[in-house]
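Two independent chains are provided; combine them into the complex using the hints.
Residue numbers (my numbering), protein chains in the order written: chain B, 1 to 460; chain X, 1001 to 1595.
One thing to keep in mind: the hints can contain errors.
Claimed, not checked - With a straight-line cut-off of 27 Å between C-alpha atoms, the simulated BS3-like cross-links for lysine-lysine are:
#1 X:Lys1579 with B:Lys339
#2 X:Lys1125 with B:Lys130
#3 X:Lys1505 with X:Lys1125
#4 X:Lys1121 with B:Lys122
#5 X:Lys1579 with B:Lys71
#6 B:Lys79 with X:Lys1125
#7 B:Lys122 with X:Lys1125
#8 X:Lys1076 with B:Lys130
#9 X:Lys1505 with B:Lys144
#10 X:Lys1435 with X:Lys1413
#11 X:Lys1406 with X:Lys1505
What the hints assert, rightly or not - Each pair of labels, with its calculated beta carbon distance range:
#12 X:Gly1495 with B:Gln340: 28 to 34 Å
#13 B:Asp290 with X:Thr1460: 55 to 61 Å
#14 B:Gly407 with X:Gln1133: 23 to 29 Å
#15 X:Gly1335 with B:Ser397: 33 to 39 Å
#16 X:Gly1075 with B:Tyr346: 47 to 53 Å
#17 X:Trp1350 with B:Gln340: 54 to 60 Å
#18 X:Arg1489 with B:Gly286: 52 to 58 Å
#19 B:Asp126 with X:Gln1133: 47 to 53 Å
#20 X:Lys1584 with B:Lys122: 37 to 43 Å
#21 X:Ser1151 with B:His102: 18 to 24 Å
To be verified - Here are a few chain X residues that sit away from chain B, every Cβ distance over 12 Å (derived from the structure):
#22 Arg1391
#23 Tyr1465
#24 Arg1527
#25 Pro1541
It should be emphasised that the hints constitute simulated quantities derived from the structure, not laboratory data.
These figures come from a predicted structure and were not determined experimentally.
Positions of the beta carbon are idealized from the N, C-alpha and C atoms, including for glycine.
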Amino acid sequence: MFFTQLAWPCREHTLLFSFRRSHNAMVVYKVLLLGRTMASISAVTRFDFLVIGGGSGGLAGARRAAELGAKTAVIEGKKLGGTCVSISVVMWNTAVHAEYLHDHEDYGFEGSHTKFNWQTIKSKRDAYVKRLNNIYQSNLDRAKIESIHGHAVFTNDAEPTVMVNGKRYTAPHILIATGGRPSIVSDSEVPGANLGITSDGMCAPYTSLPMLISDDVLPPHIIVGMCAPYTSLPTLISDDVLPPHIIVGMCAPYTSLPMLISDDVLPLPHCCLLLIDSPPLLLPQGVKQDQRKHIVADEFQNTSRPGIYALGDVCGKALLTPVAIAAGRKLAHRLFEGKQDSKLEYRNIPTVVFSHPPIGTVGLTEAEAIKAHGKENVKIYTTAFTPMYYAMTARKSQCVMKLVCVGREEKVVGLHMQGPGCDEMLQGFAVAVQMGATKADFDRTVAIHPTSAEELVTMR
Amino acid sequence: MRILKPAECWTPKLRVRSFGNNNMAALCKGARRFKRIIFCHSLVRGFSGKYEYDIVVIGGGSGGLACAKEAAQYGKKVAVLDYVDPSPKGTKWGLGGTCVNVGCIPKKLMHQSALLGGALKDAAKYGWNVPHQPSHCWATMSLAVQNYVKSLNWGHRVQLQDRKVKYFNLKGQLTDGHTVIGTNKSGKETVLTTQDIVIATGSRPKYPVHVSLTRAVAQYLFLFFSEIQWSVDYDHPLHPFPHLLISGCLHPGWIIRNPNTPHFFCQHPQVPGAVEHGISSDDIFWMKESPGKTLVVGASYVGLECAGFLTGIGLDVTVLVRSLALRGFDQQMAGLVTEHMDSHGTKFLWRRVPRKVEKLPSGSLQVTWVETSSDREEQDTFDTVLWAVGRAPVTRALNLDAAGVKLDEDTGKIIVSANEETSVPHVFAMGDVAKGRPELTPPSIRAGRLLARRLAGVSTEIMDYDNVPTTVFTPLEYSCVGLSEAEARRLYREGGIEVYHAFYKPLEFAVAQRDSSQCYIKAVCLRDGDQRILGLHFTGPNAGEVMQGFALGVRCGATYSHLMNTVGIHPTCAEELTKLHISKRSGLDATVTGC
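So here's chain X without its partners, still in its complex pose (with noise of 0.2 Å):
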């Protein structure tokens, strides 16, 4: 009866029946749908002698709705799902994904917004009398931010339409590998049966729960529970029972077998409050008022991201770090970042780990965190909390294991292989969701496209995932592509690589008396033949729009000496890349002086 396990283990009703008496009733109940099941999918064969669709689509985010759109124009006919379940603090938005409604748009929106506020300190420096110091309205920038991701929404909606997809406001699962059952907001369930199926759920912010287990505990009682479907509903953000044994997100076979969680518990081994009185980065862009006063916990790129802006429109903001900024990313490029960050009013308080957060009767929350290295407790009290502490994979809802879909142990996320296939035939997982996909909308959208395509049969391209560039909006945008200097260092050894380096001045800067000392650009390229380069690093002004050609470039096969035999473009950033001549090794000065 594999075929019970996880029904509809997402609704409160059903998580407590391993333990107690609605066991029963949940039987009958999966039972009695597994025949309905059954007789429709035998119907739609029945009639037609195929499937209603050729590609159903669950997760209607940037690669889903690429997928779709993609695969409807070679003539397929293709259907997507897609559902938002609120966040904690009820948040809710429309067809688009996170990238859309809670990630790259209004993120970058509000950092635009804080590059004005400094713009506005600049200005006087440039010859503008501005009055008075001016204030900036939150309700104002957020209903702008607002405004424009709801028609982006509607853009979406209306591409739908245009290209003849199908849209759904279900909640998929999946019952075998053709078979995909749409459940809405009340409950009602909708059965789609497809020829392939692309599962593109993406991921949704993690909170700290509030476990009060240790790892013993959560080892014994997943060894004990294994056998029994266990129907915690660890990543469902709306949990309406947070006081429960394990609430919000953690599955504790998860728990034990992520390498990040055991680490992660050991150290924040309850965070009573977290959930309660703590955001997210799903919640901050529909906030109506300001924030005010922030901790932000962690100092991924979302966590520095977030506050980042939050400090440039003049919030108090502190960032609590456990270990490193932007682990994964260049540590001598976060090292930077958060240095100006910090020189530019963000507060860091390194290696600390948060106890607990309580909210007092003034409705201020009062957060207590640990110094890890003193064991000292220290609190302080904020307007708002907001979590960064990571990213987990939406799979729950989706019943992959009665579809047997296998997910890697350790990050929760699909096994895929390099054409995004999953150990399922005609089953597909991409984006956040799949295994060892960067967390990241571009890819995310070509890996769509070329999937749709292949679908189609009208090409066998596959993704190609190496040399993803990507940017970081903090204050002093930070952008890169390939490899960072200790990657490099570590796959070629010490002598394999050359690092050329330059501390450089924007032209913008200069006349506002603006700090440039953060501003660095940093080449890896191999030390023998003609220098291929491996990797590059850019902080300063624009650095998405500096980097994305010289990605093509790194596409190509760039080298050093290519970089150096262009021209460069007066007075831009962006031609100190073509400047570059002092190597790291050599130990001279690498600050830029003049034209």
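Chain B with its partners taken away, still in its complex shape (with noise of 0.2 Å):
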């Protein structure tokens, strides 16, 4: 037998979340007020380059640019890395461990009966994500990167210009990347969502959801509502490839909030993570926004404004790491290299959901496609199997898979999977997908034995 048990924090968490709000509309103020004094008084230092937040996107978006010669600067108020490093995903790994030390005994191993410690997990990640920010400050010296601690302000002046701790910085090109934070649920909207932390507090990102659903770590009601964009998740994954337990909470909307909350539906959960998403802190002049407060930015992540740019979370679309460092880096291209048509294909961008176990997802659903090219020219393959890995447990689990294709060449324009593996799988058919490639091509290519991801080579 196997005892895992978890000590969790208990309430202390429900205190952070009112704590945090205060303390960050203190913070802004302060910043806007020695704005507003000091912005005619200091001299304005010129860049080629200004890059707003010190994120993935970012600092991947300055570190190309310099590489292409250009004077570049990062100015970040906290540290850098953002909020992929510094809320990182390392506590997915943790439930994953939990997950196996299910599996030890059935694989030979004895006395290994174990419990969780919060602690030393916190621990540990905090160590490493430090290490992390020290890896990025010192990318940016090597770089010759010039990173400015300070929270940034936009100043009235004609040409773009931003104030940090009252010096004027200004670049022709100047591109915001400031992120998103966890959004706050007023208690207007959502009686009782002041009894909740976000997931920044709860020091892991959007991820540790799913993560919080698998029962080794948390019993699974305590489970919260995540709103938009991660609403479309389960239905780009499509009802009949996900077993529903998973996704549970993910798709209820914040509403049902205080319902999950109250006890007469469920028991009282001892902690509430929202998941909301990220509305960008930092509010440019002559830049259009959308009703959600984000920036819009067409798909070369110019603004409204010439001469600024946006991408990443502050766009709020497609909020992931990987792909606001290839925005950055290909705007990098445009600018500095002359590449005009240098730009990201926000199409097929391969997603994976670190719940348990994973999910990973690239192109269209079925019901997209459908849509799209009618239902007598989409095809479906799908399968479903118990990884080899399960071969010796009492624990099983299923992997499910599933190609979409159109016409009759069977191009595949969508891949949807989960299961164990599914996250590391999925990047290569994420360049075949991209490449065009047939269910012929997938048929040709030759498995790789004995692995997970053979069956989606091995599909009839």
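Okay, structure coming up:
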């Protein structure tokens, strides 16, 4: 028998939520004040490329621009690395271990009764994140990119100018990549919302929601709603592919929060995780925003104001680290290498949800394909199997896969799967889908035995 | 009287017939049988006007079964003959061939077991209180593995039945292009006539045999006896007389002609005790007790995978290497794989060749080897000696000479054309036993299916053996597709290629504070034009799962820019492939940092 328990830190976290909110607001207010009073006094420092936000996308763009010879600076108010790093995905791996621990006895290991210690993982994660923050700093230094610490505010100058700690900076090209934070649901919108913490407070990003649902770490009833854009995920993967229990909490709109929280329906959770999409914090002037306060940027990352660009979570589109990185690099190539058509292809962006087991998806869903190409032109291949890993274990889990093909040549326009290892499997297939691979190409590819991925090239 | 030559050369009785008094008896027996065969033959043809079967497949491994099942689906009448000769240690198994019983499947499960051992160590760093160092129980693991393998054996039987494929537990041999004789354990023969024959008998591990021959003597013997049927049981693993002149697996002619063998012979002139006291990959997965302290001889992928999982479950393992590890693979990657193993407890002894294996009164095995550069002898004691010195095709019992099927002199494999046909019409060969084919399950399965479709007349597609991806399940997995860097340099010259590479850190290693200095990716591309990818190489966790999709991309003709234009999946190891931007030529630091 295994005794896997979680020492869950209880209600302290609920306090954290309200503290954060007021703290952030104060900081922003102070910076604004400073900006107004000192704007006219200081001289302007000029760069070729000014990046606001030292997250994944901003750093990638800055580094690429510097490599291409542009004089570049990055402004970051907190730690370098952004959400992806600072609130990293480490936690997911912890829960993976939780799963494996169940199987040790089946695989011949004895005496591995284990408990989970939140503090250990928290300190490990913090150490790792700190190391990464330092690496980012030294990367910037090595690339001769100036890093400016502080909150950036746009001034009212005719030329787009940014004020940080009383100093003014400008550049012909300014990139806004300030990312997003978990947005806060007020008590008036959702009664009981302030009982929750956000993923920032939890020290893990949205990826940890599915982790929570994994019953090894938390009882499955501690679930919260998640609103756009992640609501589209379950439909992406489409109902017939997903075992419903995995995603239950994810598609619940946040209006159902009170219901979840009230103990009539579910036992009162210890802690509630609010995962709602992230509106931008920085509000530059002359730059259009949509009604969700996301900056409107075209496919070349241009905003409505020339010389100002935006990418990543501030645009509210495909909020994924690699998307931001790729967009940042493409932009740098366009601005500083003269590659006029350098832009990120937002079609066929492979996405993984680090649930347990993970979900991988790229391209169109079955429904989207039918809508675009007509039912008679869409052919679906599916498979479901138990990965060989579970051959030895009492605990079993399924792996499900689906190919969406269109036309007579059966071009693969969508690939969706869930199962252990699907996170690592997807990338290569995304290359092939992007290249326009057909089902025949899949068939012609020799399998790698024994893997789960081989099932994708042996579907019939 | 050509038909007499090989008749039943695998039975010990006939082995000495060329030398002694049994000659006449053998001739007589052969002659009687010859008549019987002809009779059956004509009888069947006379009655039906055609053959009993459309296709007879000899060998129930991955390729053979795939071919048989596919052909049956297209309405062909198919029979499969499968017979497992026990290993010298007496290990036997069921239907499904090497992959299922003594290859991929048990290997990966034991590899998985070793990975879980590593995960336990990491778990503490991930916040789990692991009370005391857990121990590993071999019997629990091997029982679970064996039960799973047995379920697969059964599954194959059921599948054959479902598809109406006739299964015979018989050892097959050919008499001509349309007749197969199956012999059962007790020597009873069954004659099958068929339109087409598919040979898919695979290969078995070699032993460094106890041969007290110098090369010159072997050559002499071969010339002397070449006119006589050489009846030595050269690939029969269960040789009852290992002390005879030639024991185990070698035909003198083969010794001379095989480019590897003379080499092998010069350096391993003899290894007394190898067969009596050693085991091979045929045995390791079916052992009931832990192998204990183990010596693995040979650094082929079989050797390294076994050494890897044995180390991983906590055993003391030493690998004896003559020259190269993972011959045929990219040597830079091979170096990383062995370096990783070395730093995780597997001991490597390079440039050593074994001399002898002796059993001590205590029951442990004393192995003596020689350091090739200094000729210094060294020895140590082990509980188990595992030979991983290569594999030999199983052709001996097939009576191929009689049917006129030509073998490659160097490798002993069957010579085949692009459509798997041998030198005899209607006789096909595929998988490990066919010359120039990758010794891997998936290409065999696919080749088998395509062959079945061609035989059924529903397709003309032939198997494309280029760009076959494969994974070595060493503790740090290594997966590749396409050319190695050295091959690419040879084919496209130094200036023709561009190699992009990266040393990356898997996220799961970071918190566990595992060393990631061998986690490496290499893309070998053409330098000109759109930089088509010639080869991809990856070491790291889940290498097989990562590589499959890229193998599809390479098959579709992926270029370096295709890689770059694909958005990464964060955070995965696979995304590092889409971020490769440092070329080897530039000399820049290829270490990846950050998100």
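Tell me, which hint numbers fail for this structure?
Violated: hints 8, 11, 14, 19, 23 and 25.
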